[in-house]
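Q: Sequences and hints are given; from them, build the entire structure.
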Amino acid sequence: MAVKDPTPRIVPVWRNFKDLTDWEALHQTRPEGDKHSDLFVSLTEGIHNFPGGFAVTTVADAFLNWARKSSVWPVTFGLACCAIEMMATFASRFDVERLGMVPWASPRHADLMIVSGTVTIKMAPMLKRIYDQMPDPKWAVSMGSCANSGGPFRHGYHVVKGVDRVIPVDVYVPGCPPPPESLLNGLLLLQDQISHFRRTGARAEPNPKVD
Amino acid sequence: MTPEQARTRIAERFPAAQAAGDAPIVVTLPVDAWAGFARFAKETLGCGYFSFLSAVDWKDEGLEVVAKIDNTDDRLSLLVKTRLGPGVSACPSLTPLYRGADWMERECYDMFGIRLEGHPDLRRILLDDDWVGHPLLKSYAVDTPHPPYR
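Protein chains in written order, with my numbering: chain V, 531 to 741; chain Y, 4 to 153.
Calculated from the structure, these hints are not laboratory results. Any given hint could be a false lead.
[Claimed, not checked] With beta-carbon atoms standing in for the labels, derived distance ranges:
hint : chain 1 : residue 1 : chain 2 : residue 2 : range
1    : V       : Ala635    : Y       : Gly136    : 31 to 39 Å
2    : Y       : Gly136    : V       : Ser600    : 46 to 54 Å
3    : Y       : Gly24     : V       : Asp552    : 53 to 61 Å
[Stated by the list, open to error] Take a look, some chain Y residues computed to stay more than 12 Å from chain V by CB distance:
hint : residue
4    : Thr11
5    : Asp25
6    : Tyr52
7    : Gly65
Idealized CB from N, CA, C, for every residue including glycine.
A: Quick look at the structure:
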């Protein structure tokens with residue numbers, strides 16, 4: 531029996547990528563597709579279309595979403611002065627741990643990335659890489675003017691004009707910097723979004739009560 | 004050494020230079036006297052402290068390199084300026100004389116594209132190596148696209 535040679539693995543160099551789509555293709559497509567998720571989706575589709583089956587799937591969804599939103603672990607990713615406000619939000623006075631959020635110093639155990647501060651063009655590949663290291667399902671909060679749009683540095687030569695050009699963002703928190711109350715409100719909005727998460731991963735309609 | 008004495012010695016040694024003011028003494032030089040003046044300032048005027056080096060883009064009149072060097076014992080400080088002339092981006096390096104000039108000159112190259120001749124390791128210091136252009140030049144467009152993030 532012939533043994534196949536292992537495929538040589540070429541270490542990617544950032545400047546060899548044409549653009550962001552090129553970079554994402556390397557990091558996000560799996561060689562044989564997403565077999566487990568596809569199986570899960572077709573299974574839940576089957577149950578959902580069974581007479582009375584939607585009750586099972588919606589209850590399961592509600593339970594899973596309750597679990598997801600009750601333990602959103604943000605990765606500690608401070609970039610600028612917004613990080614000070616983020617730390618205040620994590621600390622005892624505002625205390626996000628009562629919402630089930632544990633600031634965690636590893637992207638591999640985290641569900642949420644709070645982009646707190648100015649993203650420079652030099653920092654963007656690292657930010658993208660940390661985001662890619664987080665397991666699905668994952669969320670991102672853009673905190674402050676700089677992360678939302680570039681803010682006061684928008685016309686500078688070195689700043690990414692909004693972090694949504696690098697990663698997908700779920701909640702934008704305005705302010706320069708946003709006080710802990712604002713960030714807390716943003717995190718509550720995010721929890722509300724998560725509780726409307728669908729089993730297929732599609733985003734729900736905005737909730738008129740809170741959005 | 005008082006500022007008056009320093010100005011007299013500069014006028015004796017470099018007749019082409021103009022020196023004015025007390026703190027700092029603003030010395031305007033032709034480019035070819037740049038490295039020679041720095042050596043004179045270090046050895047004769049005792050300016051051992053290299054404070055900073057930067058540049059100014061005067062558009063059509065060309066670039067101007069500015070450096071501040073101090074004698075901390077006599078409280079003497081020199082602000083040395085030189086015009087490179089229109090379209091010229093070469094200037095002698097002060098790094099062989101002052102080690103503190105190393106990173107300042109690399110930044111000057113990074114931001115203004117001034118080739119500091121005689122610098123041991125002239126490459127970009129703040130921006131990525133594959134960056135196109137020198138952003139502090141007046142001719143650099145603010146909205147220059149930077150793929151992939153613009």
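Q: Are all C-beta atoms of chain V more than 12 Å from that of Y:Tyr52?
A: holds, 30 Å
Q: Does the Cβ-Cβ separation between V:Ala635 and Y:Gly136 fall within 31 to 39 Å?
A: holds, 37 Å
Q: Could you check that no beta carbon of chain V comes within 12 Å of the beta carbon of Y:Gly65?
A: The claim stands: Y:Gly65 keeps its Cβ more than 12 Å from every Cβ of chain V (closest is about 21 Å).
Q: Beyond 12 Å from chain V, beta-carbon-wise, is Y:Thr11?
A: holds, 44 Å
Q: Does the beta carbon distance between Y:Gly24 and V:Asp552 stay inside 53 to 61 Å, or does it fall outside?
A: holds, 56 Å
Q: Given a hint of 46 to 54 Å, does the C-beta separation of Y:Gly136 and V:Ser600 actually sit inside it?
A: Since the Cβ atoms of Y:Gly136 and V:Ser600 sit about 50 Å apart, the hinted range of 46 to 54 Å holds.
Q: Over 12 Å to the closest beta carbon of chain V is the bar; see if Y:Asp25 clears it.
A: holds, 37 Å
Hint check: no violations occur; every hint is consistent with the structure.
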